[in-house]
Amino acid sequence: MKYQSIIVEDLQVAAEFLRKFCEKSGVIDVVQHFLNAEDALQFLKDNVVDLIFLDVEMPGASGFELLDQLVYTPQVILTTSKTEYAYSAFQYNVTDYLKKPFTYQRFLEAVQKVSKKSEQANGNSEQDHLFIKSDGKLIRLHNDDILFIESMGDYVKFITPAKKYITHNTIKNLETKVNPQVFMKVHRSYIVNFTKINDIQENVLFINGNMIPISKTHKSGVMQKINII
Amino acid sequence: MHNTENKIMFAFSEELDTAFLYDLYGDDLQQAEMVFESSAQQIKTEIVLAQARFYDSDLQGLKKVIHKMKPLFGYIGMNEAMEEFAAFEKVCQEEKTAADIEQKFQYILITTQQSLLKAEKEVKRLKQFNTQYL
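Line order of the protein sequences matches chains A and B. For the first sequence, the positions run 1 to 229 when my numbering is used. For the second sequence, the positions run 1 to 134 when my numbering is used.
With the rest of the complex left out, here is chain B (with noise of 0.2 Å):
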């Protein structure tokens, strides 16, 4: 009954590819909040990371950051952050400087605020979706 009615009742923003989601998830609602959760709250900490990596000029330290924080867009339905991030890590690959690529990592860091603003709001949908069934 009560994944049933979960099913039927959420849907993920229309900003989200939904498709994907639906697909990923089918009706674990319960672990879509879960993943939602722990991706943004991942995706906080590794974008520390990559900041001190790019002011420390370490651009493979750099590459490593964006390379492991690609997926964690991928989980939250963000398929356009995801390939931004794997574009700028081939970036980081092929640069030689943090100058060559300041322009394009402040870019990263609008899209990583831009997605964690429509992650959380998704974590609040899901929490206050699920926690209604409780």
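Chain A extracted, bound-state conformation (with noise of 0.2 Å):
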């Protein structure tokens, strides 16, 4: 797995080292760099990433105040040459604090912490939700609400029972992002929640009144995951 970053560093020359690192490290895509974090906030507004590498002393707003204002939680690690930010450190739970300049060998520790806590919260199966991108914001969605999931070319629909939420995304992306304990691809353009479902037929499937096709690919897959009796 690839983690998706974003650079929030006013020193470029800071900034490049750890461009340079995360290409090096080979599991970090970084994605924007930004020199102060009200542009990184706007960014992040629209935008989902899995990891900010954070500075805390930079012009205007600082890290921590862009900690403040984030709708969601992804990992942080913060990259200052300041000591004292330690405890706010522990108190934003961030998962590594870099003291400016630090070595590539030291980089790699951080990514590993990175890593361990991502296999950690995957495995604690506390992805109980995911935020996607609608009408211009990061909207919440619990998965005990998401009927299933249609692909609509470049753009996916989620159906809940409520209301429909068309995002700019793929069934292919999403099949690795959405929790495999309640969701599975049943069709290339189909993800539902099995939990959902209200009976099957042949090679269809029916989730509150809508018919959903299940492809000879997914059908062997679909009935092991279903407790038939």
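Take the hints with a grain of salt, since some may be wrong.
Claimed, not checked - Lysine-lysine pairs mimicking DSS-like chemistry, simulated, CA-CA at most 30 Å apart:
no.: 1; chain 1: B; residue 1: K44; chain 2: A; residue 2: K82
no.: 2; chain 1: B; residue 1: K96; chain 2: A; residue 2: K219
no.: 3; chain 1: A; residue 1: K163; chain 2: A; residue 2: K24
To be verified - Which residues of chain B face chain A? A few of them, derived with a C-beta cut under 10 Å, are:
no.: 4; residue: F20
no.: 5; residue: L24
no.: 6; residue: D28
no.: 7; residue: S38
no.: 8; residue: S39
no.: 9; residue: H67
no.: 10; residue: P71
no.: 11; residue: M82
no.: 12; residue: A98
no.: 13; residue: A99
Quick caveat, the hints were computed from the structure, so don't treat them as lab data. We put the beta carbon where it would ideally sit given N, CA and C, even for glycine.
Could you use the hints to bring the two separately framed chains together as a complex?
Have a look at this one:
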């Protein structure tokens, strides 16, 4: 798995170093670099990342002020040249704290912590919700509210009993992001919440009156997943 | 071949924190050259700004500039200078007027000039070394 990250750092030399380390690691993609917290926050309103490399003291808002305003919680690695922020770092539950300048070896230790924390989160089934971008905002959807997800080319439609949400994404991408204990792909255009399946007839299944095809490839997987007595 | 030769032959100047520099750059001396050069350039720019903040008696502004400059010395193996900047940053936080910190600020200016001389010398050495393989 590759982690999607952003760098928020006003010191160009430090940002370049970090970008190079990320490339070298092969597990972190740097999506963007921001010189201040305000621009980063604007980006994060419309985009979801797994990890933020965050400087604390920057012109304008501080790194902690950015964290205060986030509506979701990606992992955070603080990059600062002060040790005085250790207590705040602990309070914000950041994954690691890198004092600039740091070596590649130290950087890798931080990445391992990210990986460990990510595995723990998935293993504990804490993934009981997801955030989607729709109508210019990030919306939290609980797994239990989602009936199924349908492909619409470069977009997907999240169907809940109350509302339909359209967002820019693909079934292929979502397949790896949704909680596999609740969701499964049944067709190249559909991921379903299998706790919501009402009945299955041959190669179709029904959820709340919606007919969803099951492809030949996924049929055996579906049958294994449901509890037939 | 190129990297192997670099790794064996180049030695950072003894006046720098060489152990840390080898950890930081490994055998990537092209990056070392780039970082030394850009750090020196940024230190020159920022120290002018620091002087302006000092003469305006803007101690909080000065503190911010000093904070930004501090890690630049680390990237070029000048940990002592980095520590001096860290100590001065605290002074800016604690003191009230430019007069209170004048002597220490003069010392920071001297440290900066001395560090820049070392950095520029190292940039020359790195350039000379890197270009012989082009």
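Taking the hints in turn, this is what the structure says about them:
Of the pairs offered as hints, the one joining K44 of chain B and K82 of chain A holds, with about 22 Å between alpha carbons and a cut-off of 30 Å not exceeded. This hinted pair does not check out: K96 of chain B and K219 of chain A have alpha carbons roughly 74 Å apart, beyond 30 Å. Taking the CA atoms of K163 of chain A and K24 of chain A, the gap is near 44 Å; set against the 30 Å cutoff, the hint is violated. Given hint, F20 of chain B at the interface with chain A, holds; its Cβ is 8 Å from that chain's nearest Cβ, closer than 10 Å.
Checking L24 of chain B against chain A by beta carbon gives a least distance of about 6 Å; that is within 10 Å, so the hint holds. A distance limit of 10 Å between C-beta atoms decides the matter here; for D28 of chain B the minimum to chain A is near 9 Å, and the interface restraint holds. Because the beta carbon of S38 of chain B sits about 6 Å from the nearest beta carbon in chain A, less than 10 Å, this interface hint is met. Annotation: S39 of chain B was flagged as interfacial toward chain A, and the flag holds, the nearest CB pair being 6 Å apart, inside 10 Å.
Restraint check, H67 of chain B versus chain A: the minimum CB separation of about 6 Å is within 10 Å; hint holds. Interface restraint check for P71 of chain B: the shortest CB-CB distance to chain A comes to about 4 Å, inside 10 Å, so the restraint holds. For M82 of chain B, the interface hint holds, the least distance from its beta-carbon to any beta-carbon of chain A being 8 Å, beneath 10 Å. Annotation: interface hint on A98 of chain B violated; nearest CB of chain A at approximately 21 Å, more than 10 Å.
Restraint check, A99 of chain B versus chain A: the minimum CB separation of about 26 Å is more than 10 Å; hint violated.
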